[in-house]
Amino acid sequence: MAKKNMQVTKVPMPEQAPEIRNKNFDEVALGYTQEMAIVEAGRCLNCKNSPCVKGCPVNVPIPAFISKLAQGEFEDAYQTIVLENALPAICGRVCPQENQCEGKCVRGIKGEPVAIGRLERFAADYHMKHHKGASDPVQKNGKKVAVVGSGPSGLTCAGELVKKGYDVSVFEALHKAGGVLSYGIPEFRLPKDLVAAEIKNIEDQGVSIDTNIIVGRSITVDELTEEGYDAVFIGSGAGLPGFLHIPGENLLGVYSANEFLTRVNLMKGFQFPKTPTPVKIGENVAVVGAGNVAMDSARTAKRLGAKNVYIVYRRSIEEAPARAEELHHAEEEGIIFKFLNNPSEIIGDDKGDVAGLKIVKQQLGEPDASGRRRPVPIKGSDYELAVQTVIIAIGQKPNPLIRRTTPGLSCESWGGIIVDEDTMETSKKNIYAGGDTVTGAATVILAMGAGKKAAAAIDQKLSLS
Amino acid sequence: MYKIIKKEKLNDTVDLLEIKAPFVARKCEPGQFIMLRVDEDGERIPLTIADYDRDQGTVTIIYQIVGYSTTLLSQKKEGDCVQDFAGPMGSPAELTKKEHKVIGVAGGVGAAPLYPQLKKLAAQGTKVDVIIGGKSAAYVLLADAFAQFCDQVFIATDDGSLGTKGFVTNVLADQIAKETYDECIAIGPLIMMKNVVKITKPAGLPTMVSLNPIMVDGTGMCGGCRVTIDGETKFACVDGPDFDGFKVNFDECMKRQGFYREEEHQCRIGRG
Numbered sequence: 001m002a003k004k005n006m007q008v009t010k011v012p013m014p015e016q017a018p019e020i021r022n023k024n025f026d027e028v029a030l031g032y033t034q035e036m037a038i039v040e041a042g043r044c045l046n047c048k049n050s051p052c053v054k055g056c057p058v059n060v061p062i063p064a065f066i067s068k069l070a071q072g073e074f075e076d077a078y079q080t081i082v083l084e085n086a087l088p089a090i091c092g093r094v095c096p097q098e099n100q101c102e103g104k105c106v107r108g109i110k111g112e113p114v115a116i117g118r119l120e121r122f123a124a125d126y127h128m129k130h131h132k133g134a135s136d137p138v139q140k141n142g143k144k145v146a147v148v149g150s151g152p153s154g155l156t157c158a159g160e161l162v163k164k165g166y167d168v169s170v171f172e173a174l175h176k177a178g179g180v181l182s183y184g185i186p187e188f189r190l191p192k193d194l195v196a197a198e199i200k201n202i203e204d205q206g207v208s209i210d211t212n213i214i215v216g217r218s219i220t221v222d223e224l225t226e227e228g229y230d231a232v233f234i235g236s237g238a239g240l241p242g243f244l245h246i247p248g249e250n251l252l253g254v255y256s257a258n259e260f261l262t263r264v265n266l267m268k269g270f271q272f273p274k275t276p277t278p279v280k281i282g283e284n285v286a287v288v289g290a291g292n293v294a295m296d297s298a299r300t301a302k303r304l305g306a307k308n309v310y311i312v313y314r315r316s317i318e319e320a321p322a323r324a325e326e327l328h329h330a331e332e333e334g335i336i337f338k339f340l341n342n343p344s345e346i347i348g349d350d351k352g353d354v355a356g357l358k359i360v361k362q363q364l365g366e367p368d369a370s371g372r373r374r375p376v377p378i379k380g381s382d383y384e385l386a387v388q389t390v391i392i393a394i395g396q397k398p399n400p401l402i403r404r405t406t407p408g409l410s411c412e413s414w415g416g417i418i419v420d421e422d423t424m425e426t427s428k429k430n431i432y433a434g435g436d437t438v439t440g441a442a443t444v445i446l447a448m449g450a451g452k453k454a455a456a457a458i459d460q461k462l463s464l465s
Numbered sequence: 001m002y003k004i005i006k007k008e009k010l011n012d013t014v015d016l017l018e019i020k021a022p023f024v025a026r027k028c029e030p031g032q033f034i035m036l037r038v039d040e041d042g043e044r045i046p047l048t049i050a051d052y053d054r055d056q057g058t059v060t061i062i063y064q065i066v067g068y069s070t071t072l073l074s075q076k077k078e079g080d081c082v083q084d085f086a087g088p089m090g091s092p093a094e095l096t097k098k099e100h101k102v103i104g105v106a107g108g109v110g111a112a113p114l115y116p117q118l119k120k121l122a123a124q125g126t127k128v129d130v131i132i133g134g135k136s137a138a139y140v141l142l143a144d145a146f147a148q149f150c151d152q153v154f155i156a157t158d159d160g161s162l163g164t165k166g167f168v169t170n171v172l173a174d175q176i177a178k179e180t181y182d183e184c185i186a187i188g189p190l191i192m193m194k195n196v197v198k199i200t201k202p203a204g205l206p207t208m209v210s211l212n213p214i215m216v217d218g219t220g221m222c223g224g225c226r227v228t229i230d231g232e233t234k235f236a237c238v239d240g241p242d243f244d245g246f247k248v249n250f251d252e253c254m255k256r257q258g259f260y261r262e263e264e265h266q267c268r269i270g271r272g
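Chains as they are written, first to last, in the working numbering: chain A, 1 to 465; chain B, 1 to 272.
These are calculated hints, taken from the structure and not from any lab test.
One or more of the hints may lead you astray.
[Said to hold, decoys possible] Simulated pairs of lysine-lysine, DSS-like, Cα-Cα distance not exceeding 25 Å:
no.	chain 1	residue 1	chain 2	residue 2
1	A	Lys351	A	Lys280
2	B	Lys76	A	Lys351
3	B	Lys76	A	Lys280
4	A	Lys268	B	Lys76
Note that the structure is a prediction, hence the values are computed from the model and not measured.
With the rest of the complex left out, here is chain A (with noise of 0.2 Å):
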């Protein structure tokens, strides 16, 4: 073994420097060098108890992977990573690190953890450049299952399923693979061309996608094991956009979130008129949030060319839930932080056109039920942001279709698949679920982590029977 590398800090990322980034829709990090890899790698540990794989929804062999890379192995790191891992290239790239693997990563405890995220995107990376071949065919066992979805949680129960011999058959909505890969994360974080890579992947492995089929209207749950699916796995997501309730909400240019990013990733608005999906978006622009998505509708919007875009978010800095990465990425783009600012009203013009945002500000008091510290008002701090276009983004519920078209699946009030949490298998024999249809809006490696747990628990039932 090499001598370790002692370094506090992690080799940097090279990026896009942020005055040119916030022009253009290409990819802000720009990844590793072979050289960057095995000098990062050269400062993991591989400690015997590996604290990071159990900060891990998907046990990546960590140290095992990065020890590969340390060799110079590139193709062999993929290749353990990919035994627990169906999307690599994803999760380098959008993983909330911090909290997971590299919070727990003992070199964090004295400086900075192993770059784990941006060491597993390194050798997805590489493998995708270098390698093309397909992979060995497995042998069927002559079971079906179908898959609600194909999002995050929807691919990797696909992926696990394939590799033990299950045939497997995905049915999408849109027209598109990837669900919010492909809607929702925009292309300057997670590339449209590598989720499509992701997902051939696992369609070479054997798994069907069909685009285009609205579980709940095209077919039901229930019709699907009519036909003769063994189990059903659903992970439809959380793709009903919550909105303000304040007045002025239906003037034009506001948007949800989901409209929003939709319209510039899945629709390619960012090339209209090349491509004919429209997005207007005004010089000064609000978006109401401060999670992941609230931060790559700003993004967005400044690349589209807004002059000002405001985050306006009713609670602090502290309590916002976006990725530190995603706060600071914004923050060096020009995007403008008001915190502790609640909208009480969408101002209009005589037109119908949004032209301002009426606004009240806040103090921090006593915590609420969710341990954060309610914001409170302060009396006559009311102002007027003029912005003409409003970008709401105060998080997605799960899509109703399902829950209303297939009786017998028990849900929560607020609409949240109730799974158990051993199995996912749902309050229905042989039917799962997991992925943001279960938690409500959460991240791609939980989602992910569900699909897997979910295609385990699937396997053993289906290999007694």
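Starting from the structure of chain A, add chain B where the hints point.
Okay, now just chain B, sitting in the frame of chain A:
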């Protein structure tokens, strides 16, 4: 890819396409719509289902050539394919047998979504009349098809080239004064539906309308199709597209419909 089995030109701006889409055909009901993309990178266009054949696995749509994407669609021939055809979307219209009669009011291509609704009512044994409007004779759609099951087919044209000269609302006002109806179903331009309600509301005749706002996905994901019904925001794609006409805020619908007018123009120029 979804194959065009049949294409018919109904007039110089309106086409009928019958498209092979078994997943849509086997489940769709009157009142529902589909989402279509002509080609890769194409726009998602919502179109209400005009008819369907469960055995053949086909769905009929009728559309007006209004912009870039519908022009592109109109260039497709029989035997060609469209890239995507997803559905059915939206809630089926509530169509139950009525005691007296139902009157349908269609303006322009609104005749297409109205057709399966009245057909289903007639098949259930409800008597139906229809008023079809268009700017001139060529723009009066499906009159023969409606005549197959309607008691009376009234026609109104702006120029008087067919039927009564004037608006469908003139005919409607006369007709509801003459006969007893249980319900009116009006589908057409927003201004027509608004004016229908101006007549039926004072007369106490329950009126359903079908809204076709701007939307992206059609499954409840974008919220672009927000409409105000009785002061409450609804998504036309999942809560509709049919709503109680008395409760619809038509003025807001009209404003929202025009949001991308400039871009539509730019798109046609930019893309030739």
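Subject >> Earlier hints that do not hold, by number >> reply: Failing hints, ascending: 2, 3.
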